[in-house]
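All chains should be built: construct the whole structure from the sequences, respecting the hints.
Here is how the chains run, residue by residue.
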Amino acid sequence: MRFLEAEGLSKTYIRRCKPKDGGISRLWKRDTQVINALQDASFSVDEGELVGLIGPNGAGKSTTVKLLTGILTPTGGTCRVDGRVPWLERREHVRHLGAVFGQRTQLWWDVPIHDSFLLLRDVYSMDKAAWQRRLDELVDALDLEEFLHTPLRQLSLGQRMRAELCGSLLHQPRLLFLDEPTIGLDAVSKLKLRAFLKEENRQRGTTILLTTHDMEDMLALCQRVMVLGRGKLLYDGQLDALLRRYDTVHTLRCTFDGQADLSRLPAAIHQERDGEAYALTFAPAEIPTREVLSHVLACGTIREMTLKEQNIDHLIARMYEEMQL
Amino acid sequence: MRNKLRPYLTAFRVRALLETQYRGAALGGLVTQLFFGLVYAYLYAALYAGSDPAGLRATVTYVWLQQMFFRALFVSDGELQQQILSGSLAYTLCRPVDQHLYWISRNLAAQVVGMLMRALPMLALQLIVPAEVRMALPASPLALVQFVVSLLLGVFCVSQIHAIGLALTMKTLDNRGLSAMLSLLLMTFSGNVIPLTLFPDSLQTLMRFQPFAQALDAPIRAYLYAPPMGEWLVSVAVQVVWIAVLMALGRWMWARQLRNVTVQGG
Numbered sequence: 012m013r014f015l016e017a018e019g020l021s022k023t024y025i026r027r028c029k030p031k032d033g034g035i036s037r038l039w040k041r042d043t044q045v046i047n048a049l050q051d052a053s054f055s056v057d058e059g060e061l062v063g064l065i066g067p068n069g070a071g072k073s074t075t076v077k078l079l080t081g082i083l084t085p086t087g088g089t090c091r092v093d094g095r096v097p098w099l100e101r102r103e104h105v106r107h108l109g110a111v112f113g114q115r116t117q118l119w120w121d122v123p124i125h126d127s128f129l130l131l132r133d134v135y136s137m138d139k140a141a142w143q144r145r146l147d148e149l150v151d152a153l154d155l156e157e158f159l160h161t162p163l164r165q166l167s168l169g170q171r172m173r174a175e176l177c178g179s180l181l182h183q184p185r186l187l188f189l190d191e192p193t194i195g196l197d198a199v200s201k202l203k204l205r206a207f208l209k210e211e212n213r214q215r216g217t218t219i220l221l222t223t224h225d226m227e228d229m230l231a232l233c234q235r236v237m238v239l240g241r242g243k244l245l246y247d248g249q250l251d252a253l254l255r256r257y258d259t260v261h262t263l264r265c266t267f268d269g270q271a272d273l274s275r276l277p278a279a280i281h282q283e284r285d286g287e288a289y290a291l292t293f294a295p296a297e298i299p300t301r302e303v304l305s306h307v308l309a310c311g312t313i314r315e316m317t318l319k320e321q322n323i324d325h326l327i328a329r330m331y332e333e334m335q336l
Numbered sequence: 004m005r006n007k008l009r010p011y012l013t014a015f016r017v018r019a020l021l022e023t024q025y026r027g028a029a030l031g032g033l034v035t036q037l038f039f040g041l042v043y044a045y046l047y048a049a050l051y052a053g054s055d056p057a058g059l060r061a062t063v064t065y066v067w068l069q070q071m072f073f074r075a076l077f078v079s080d081g082e083l084q085q086q087i088l089s090g091s092l093a094y095t096l097c098r099p100v101d102q103h104l105y106w107i108s109r110n111l112a113a114q115v116v117g118m119l120m121r122a123l124p125m126l127a128l129q130l131i132v133p134a135e136v137r138m139a140l141p142a143s144p145l146a147l148v149q150f151v152v153s154l155l156l157g158v159f160c161v162s163q164i165h166a167i168g169l170a171l172t173m174k175t176l177d178n179r180g181l182s183a184m185l186s187l188l189l190m191t192f193s194g195n196v197i198p199l200t201l202f203p204d205s206l207q208t209l210m211r212f213q214p215f216a217q218a219l220d221a222p223i224r225a226y227l228y229a230p231p232m233g234e235w236l237v238s239v240a241v242q243v244v245w246i247a248v249l250m251a252l253g254r255w256m257w258a259r260q261l262r263n264v265t266v267q268g269g
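Protein sequences appear in the order of chains A and B. Going by the numbering used here, the first sequence opens with residue 12, and the numbers climb by one from there. Going by the numbering used here, the second sequence opens with residue 4, and the numbers climb by one from there.
None of these hints come from the bench; they were simulated from the model. Quantities reported herein were computed from a predicted structural model and do not represent experimental measurements. Each residue gets a CB set at the ideal place from its N, CA and C atoms; glycine is no exception. The reader is advised that the hints may include incorrect statements.
Residues from chain A that face chain B, not an exhaustive set, calculated with beta carbons under 8 Å [as the list claims (entries may be wrong)]:
hint: 1; residue: Ser21
hint: 2; residue: Lys31
hint: 3; residue: Arg102
hint: 4; residue: Thr116
hint: 5; residue: Leu130
hint: 6; residue: Asp133
hint: 7; residue: Ser136
Following this line, the structure appears as structure tokens:
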């Protein structure tokens, strides 16, 4: 049996709303609307994997995470994490689970973060020595030393997120849920956070399930990705393969020394003038990169040339479009 | 055992520390309760008009004890409401604790610490209250012990009622209407508006046995009348039964709510 197994996991909500018309009866009548937040999702994850969960807003990502944490009870299907059904054995399940919900906070607002960590020690009934050792490790890895005794409310967003991460890893969970952990962070903080997560996953074998809209996070951290849309699991596999499927257009940017004549380029290469440079767009499926290069070399003396892959956000947007999300 | 209790003791400590921060509120409460105590005491003094000095003394004492320990009835804890609104309830639900006991621990901290912060200064102020409306000493040293035991049980009983209120808040997502109703019930049926001893004799049995009376009326009767041991043990048994019933109901409701909970939004 694998570490995490979900089978036909489904969750429907019933939303009640006032009827659009109907006069006075609107006072007591309610229309009900069934919302399929998650439909028949089956997947499994091995211990030590780092899996990304993506999809547009309202795709069912949070619902999936809440089902796996045991906060929600599904309306259909089942799942087991380390042999336990989350919503049935909630207390034992959450003992081995850490979570960071990017837009919420688990630490106490008014007290120094060190005090919050102390409280968490008691909430998880941790052994003092083990807790201290783990805290030292995390303080070191996440650079918390200088603000360890500062109240949470005085921390910057980046500092706060690092503190939150420390809080969710103190009890050494085997499974970590990260819901948009890099939201609102600056470049340096993001890079640090990613490096830390990679290390945590590699060294301790912590299984990580990451939800994010930041595709750079995905690229940096996850090899495997699950795509959710309208409550359905649409793709589950290698991130590389997914990108290759949608990465259909390349752009070659080049500048020439002196005059260049691009009029003889085949129609498959779309050209655009951008100041001194030319942006040549082509689909490798239509015309191989090698052929494009030889055409371009024939146009004049090249001073500079870069080949750009498509921006990952555009790729994902195209993918969502194609999947009709 | 100690390890098992650790999360709950921590929840108690966190909430207790928070309560001690509300010093301004405590001072305000003190002034209010002193004012009401004096008004009620003089009102009853005028009503009795010298006809029944023993009855007056008992009623006045009842009033002062009510004012002193009034805060034990209430939990001004907006935490659950705030967590529902902000969504950080998701974190609380991810803790390896019994949610029902966790919130009860918080309730108890708010009640006990809030109560002590009012009761102790009020007791000191009795020294400057005019003699004719001053509270009496307990009927006997034993009565004082009985009072303390009954009070602690009463506080525990009320915390069960509040835990039920919180379970309902999980359902309705808004605690305002509920709090208002609960306050009214607690004020009226704990004897805070009119001492329960002053209700008509035909209602006395009902008044004594309903759950809200367990909080303050039961201990105060022990303080005033030093009931014989047998009679007092009956009142303790009533408290214990109510605690058991309310706790079972609360646990059932919490389990139900946790199964049906919807943590809304991304």
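Verification of the hints:
| no. | hint | in the structure |
| --- | --- | --- |
| 1 | Ser21 | violated (15 Å) |
| 2 | Lys31 | violated (23 Å) |
| 3 | Arg102 | holds (5 Å) |
| 4 | Thr116 | holds (6 Å) |
| 5 | Leu130 | holds (6 Å) |
| 6 | Asp133 | holds (4 Å) |
| 7 | Ser136 | holds (5 Å) |
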